[in-house]
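2 protein chains.
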Amino acid sequence: MGKYKGFCPEWENEAPPKGSFRSILKWGDPEFFKYPNEGMYTYMKKVFNMTDDDFKEKKPEGLETVPDNVPCRLDENHLEHFRKIVGEANVKTDTYNRLRVSYGKTMIDLIRLRNQVVENIPDAVLYPSSKTQIEEIVAYCTEIKIPIYCRAGGSTVTRGMEAIKGGISLDLAVNFNKVIEFNEKNQTITVESGMSGPELERYLNQAPELLGAKGRYTCGHFPQSFEYSGVGGWVVTRGAGQNSSYYGKIEDIVICQEYATPVGIVKTGEYPAKAIGPDIDQIMIGSEGAFGVLTHCTLRVFKHMPENRKYFSYIFPSWENAQAAARDISQGEFGMPSVFRVSDPEETSVMLSHYKVEGTKIDKIMSRRGYKAMERCLFLGFTDGEKDFCKNMKRKLHKICKKYGAMYLTAQPTKEWEKGRFNDPYIREPMQDFGIIIDTMECSVSWDEMPKVHRGLREYVKSRPNTICMTHMSHVYPQGANLYFIFLIANVEPEEYLEFQAGILDNYVKYGAAISHHHGVGKAFGPWLEHNIGSTSYEIIRTLKEHFDPDNIMNPGGTLGLDVERRELKFK
Amino acid sequence: MGKYKGFCPEWENEAPPKGSFRSILKWGDPEFFKYPNEGMYTYMKKVFNMTDDDFKEKKPEGLETVPDNVPCRLDENHLEHFRKIVGEANVKTDTYNRLRVSYGKTMIDLIRLRNQVVENIPDAVLYPSSKTQIEEIVAYCTEIKIPIYCRAGGSTVTRGMEAIKGGISLDLAVNFNKVIEFNEKNQTITVESGMSGPELERYLNQAPELLGAKGRYTCGHFPQSFEYSGVGGWVVTRGAGQNSSYYGKIEDIVICQEYATPVGIVKTGEYPAKAIGPDIDQIMIGSEGAFGVLTHCTLRVFKHMPENRKYFSYIFPSWENAQAAARDISQGEFGMPSVFRVSDPEETSVMLSHYKVEGTKIDKIMSRRGYKAMERCLFLGFTDGEKDFCKNMKRKLHKICKKYGAMYLTAQPTKEWEKGRFNDPYIREPMQDFGIIIDTMECSVSWDEMPKVHRGLREYVKSRPNTICMTHMSHVYPQGANLYFIFLIANVEPEEYLEFQAGILDNYVKYGAAISHHHGVGKAFGPWLEHNIGSTSYEIIRTLKEHFDPDNIMNPGGTLGLDVERRELKFK
Chain A
235 MGKYKGFCPE WENEAPPKGS FRSILKWGDP EFFKYPNEGM YTYMKKVFNM
285 TDDDFKEKKP EGLETVPDNV PCRLDENHLE HFRKIVGEAN VKTDTYNRLR
335 VSYGKTMIDL IRLRNQVVEN IPDAVLYPSS KTQIEEIVAY CTEIKIPIYC
385 RAGGSTVTRG MEAIKGGISL DLAVNFNKVI EFNEKNQTIT VESGMSGPEL
435 ERYLNQAPEL LGAKGRYTCG HFPQSFEYSG VGGWVVTRGA GQNSSYYGKI
485 EDIVICQEYA TPVGIVKTGE YPAKAIGPDI DQIMIGSEGA FGVLTHCTLR
535 VFKHMPENRK YFSYIFPSWE NAQAAARDIS QGEFGMPSVF RVSDPEETSV
585 MLSHYKVEGT KIDKIMSRRG YKAMERCLFL GFTDGEKDFC KNMKRKLHKI
635 CKKYGAMYLT AQPTKEWEKG RFNDPYIREP MQDFGIIIDT MECSVSWDEM
685 PKVHRGLREY VKSRPNTICM THMSHVYPQG ANLYFIFLIA NVEPEEYLEF
735 QAGILDNYVK YGAAISHHHG VGKAFGPWLE HNIGSTSYEI IRTLKEHFDP
785 DNIMNPGGTL GLDVERRELK FK
Chain B
235 MGKYKGFCPE WENEAPPKGS FRSILKWGDP EFFKYPNEGM YTYMKKVFNM
285 TDDDFKEKKP EGLETVPDNV PCRLDENHLE HFRKIVGEAN VKTDTYNRLR
335 VSYGKTMIDL IRLRNQVVEN IPDAVLYPSS KTQIEEIVAY CTEIKIPIYC
385 RAGGSTVTRG MEAIKGGISL DLAVNFNKVI EFNEKNQTIT VESGMSGPEL
435 ERYLNQAPEL LGAKGRYTCG HFPQSFEYSG VGGWVVTRGA GQNSSYYGKI
485 EDIVICQEYA TPVGIVKTGE YPAKAIGPDI DQIMIGSEGA FGVLTHCTLR
535 VFKHMPENRK YFSYIFPSWE NAQAAARDIS QGEFGMPSVF RVSDPEETSV
585 MLSHYKVEGT KIDKIMSRRG YKAMERCLFL GFTDGEKDFC KNMKRKLHKI
635 CKKYGAMYLT AQPTKEWEKG RFNDPYIREP MQDFGIIIDT MECSVSWDEM
685 PKVHRGLREY VKSRPNTICM THMSHVYPQG ANLYFIFLIA NVEPEEYLEF
735 QAGILDNYVK YGAAISHHHG VGKAFGPWLE HNIGSTSYEI IRTLKEHFDP
785 DNIMNPGGTL GLDVERRELK FK
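Taken in order, these protein sequences are the chains called A and B. Sequential numbering of the first sequence, starting at 235, is according to our numbering. Sequential numbering of the second sequence, starting at 235, is according to our numbering.
One thing to keep in mind: the hints can contain errors.
Pairs involving identical chains hold if they fit within one copy or between any two copies, as the list cannot separate such chains.
As the list claims (entries may be wrong) - Listed next, the in silico DSS-like pairs over lysine-lysine satisfying Cα-Cα at most 27 Å (straight line):
1) K379 <-> K292
2) K621 <-> K636
3) K419 <-> K686
4) K537 <-> K399
5) K537 <-> K630
6) K537 <-> K625
7) K636 <-> K649
8) K637 <-> K598
Honestly, the hints are just simulated from the structure, not real lab data.
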């Protein structure tokens, strides 16, 4: 606190009380805080027509203790059975722990927690510690028809773990988080699905010390939620990390896997590639717990060579030029940068302000050279891989950026971005304390559809007055990229917010974007999936669901839209 | 002919008679011939205990005309309906054309044709010319329950197109072979599934002239069968080209696709990546005609830059060192060579003889330096991609090869290999005229399993006396590679041959290899699929089949093992 020259709101700066709603909704480390700098604060007041007075009184903060008042509806004999499987201490039925595993980190979760809304929680939480235990649990629940939900990192933004139908939730992060096998010859690691991102990366970075390996490795998968997400969630949601342009999405990283399903164990073969029918791995990846529980997972790993990393950043005169350069780079066949992040004009403006570039000497140089505010676009990134491979890539992309009129901005802005790459989510709670909502939605598009989708979505978002809408691509391919929209809204009611979000999904479908590039579908976006992929394709997913889970006990209540109504699209 | 100093067998040197069995079994261009050089001829006589006398009389050559004597069992009203859809001239019922679309190029096909065995042919062949026609045909056949088979290039080695249950066969190569759309911005091309490899590549190489493009492109997919295979076959069998280490397998190249199925049209979205549930593309790829007919297919294309290609070849002291180097290269993170071909000692020996290296000065240098015959291993390859990316790759892999004791052999051996890369199949017919069978089987393995699979398979093949067994890896990944076995056998009866082939598949399963890396499964390997992937995984494929094709009209008769018995494994 206290870095402001003028009035400074009392931004959150204390760990939430133990057992409180706030302790569930708060992102990450209870003792870590992040809030807008004075420039950003001033900017928000302007956009949202707010004054310092609006930042003097806080909205509901969720500091209240979660009351232990929601009865468990499971019969005692079932609980007893579960206790036999996982041990007495690993079955919990208190409201707090049940709530904690059901809500994720999307805005509607946070809003409900602030307002002390407890709904859709499982009847019990189990903390299994082995594959066999999970298999026994799934078999028992199949027999008795008890719904099963799963949690690993808990950072879903699609209501992925929400226990709509009650039953049990498996909290895999607690005891099911071990390395099963490290195979240096194949460059693979097999882990339990509750393994957390940082723990996996620690094992790999310290492979000589911890795994008896010759070299050091990296998992290559770093979503923004990295510090509070887990392997299970990465895989079943078909996620991507911020370095996916080089390392690939999780479906490119998974080599083989094992699921406990109601119809038995699905275990895929450990082959680098194959031509033996439909790809079973690609059927299970993206199944979001609706077909079975991911238990063991074998991932490709990569050499850990941060010393080879080449940082760069550029400013482009326009969004059109930035897109053209990104396309040329991705089609250039000299490899792909690892972090590859191109911001549109509005996001560029916010970032330059955030990184304190606005008003500086470099800002003046940019302006003098014709890179105008609200036209110019920032491109950040770095390379990964072998040293000379990285060097060559930096040279080649430099040439392409120059061709499209970009100015080199040194490595600094990317290094600034890197510092905050995993902790931006911390900024959401202090802002929401004063009624300002930050949320994100993302999609994927081909290059030729990108301008249309970007324009269409911005038009929709901006049709709501006083809304900040920042967009970037952060996962880039020769055939297109994702578009990631970050929007800031003040003073919105929950229902109104959900309707706004629904409109974004309607517009994705309208403009022909895939409704998710890496967040998955979950229960939040489920009602749009059939619209997005078409009914004949959707029927395939329905058929698979019926095959694996005829009694609808695996993550029921709308996952992938499987047991809810399709929403009628507003914008067709 | 006549290049031999000693006795020269009368190798095939005349185009097969029109309408003959030979005209169907002969590979490729009727006017092109290839036969063993004298060194190879001498080598074979030695291995097979044969004399010149054994090469004086030919076995059945299949020169007889295919008699037009197999009645069409389809009702005239159905034929009339098909004629209405595709036009009078595009429905054929003569035996020759029906036989031609049913048999492929695996050894048992060639043996049957030489012996004038006509079985499992469709009742009619249709030559559709549009997606709509195919959709109408599938709808009609669904209604009437008429089996449908498909042919594009016709080079299956898995009995993929064999019309076991009669019905109709769609010969897609004839009229369904056009470019639908070329999208230079997205670097994609959409084609009809009967498009042939060379025709696709011609369009892309000449994109400025033929498609109005700015640049030249390549499809990046060059199986050995390239000249006589088609896009449809590549996709539905989940194939790989010889340049797959750089360009990827076909499942990496397909962006989206459209199928006519009994339950309607499946059309996937054109996105570079997505997180919207199980991957529908990866369900349809590898379905081998058992779910529906692939109509339109959108493929990624790549910049055509042959001028950047860096050729190389090395000799390694041992198979162990060659494997270690291949692994280090593929895990080196400086990109992947495009052609990446490592031969085991026996194949190296045959190749050095074939390329006339044996006995030369370079052979003596190799021997003096300790690269011993039947121990040393040949590594051939070239790079593709941007110029300096290629340069760096060649430098980096050179260093790795040196580390493992390899000697550089110049670009020449790879250029020799390149000349013959698509025409090796031509050598099979002249050899078979004298009772010598060349056939190939391939699989995929992880690095740590490779020595075991290689040793185990060689042991099995060599347990048959007088058998040549050459092995190479030709598709290499950070986690493993394929193993491609080429074997030469003399004087074997068809039944004995099939039993021998079955033993190879048994051993793949026994040693834990995927039973196919790029040939697919078809009807020949179908009975092993459930053994290979496990029953729980196999049930998923069964469920998908039941969903798409409840009446079993799509490529019925054992495709993917769907409607035949599993074989009991001999070697468990």
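Hints and how they fare:
no.	hint	verdict
1	K379 <-> K292	neither (44 Å within a copy, 69 Å between copies)
2	K621 <-> K636	both (23 Å within a copy, 19 Å between copies)
3	K419 <-> K686	between (46 Å within a copy, 14 Å between copies)
4	K537 <-> K399	neither (43 Å within a copy, 52 Å between copies)
5	K537 <-> K630	both (23 Å within a copy, 15 Å between copies)
6	K537 <-> K625	both (17 Å within a copy, 22 Å between copies)
7	K636 <-> K649	within (21 Å within a copy, 38 Å between copies)
8	K637 <-> K598	within (22 Å within a copy, 53 Å between copies)
Of the hints listed earlier, those the structure fails to meet are numbers 1, 4, in rising order.
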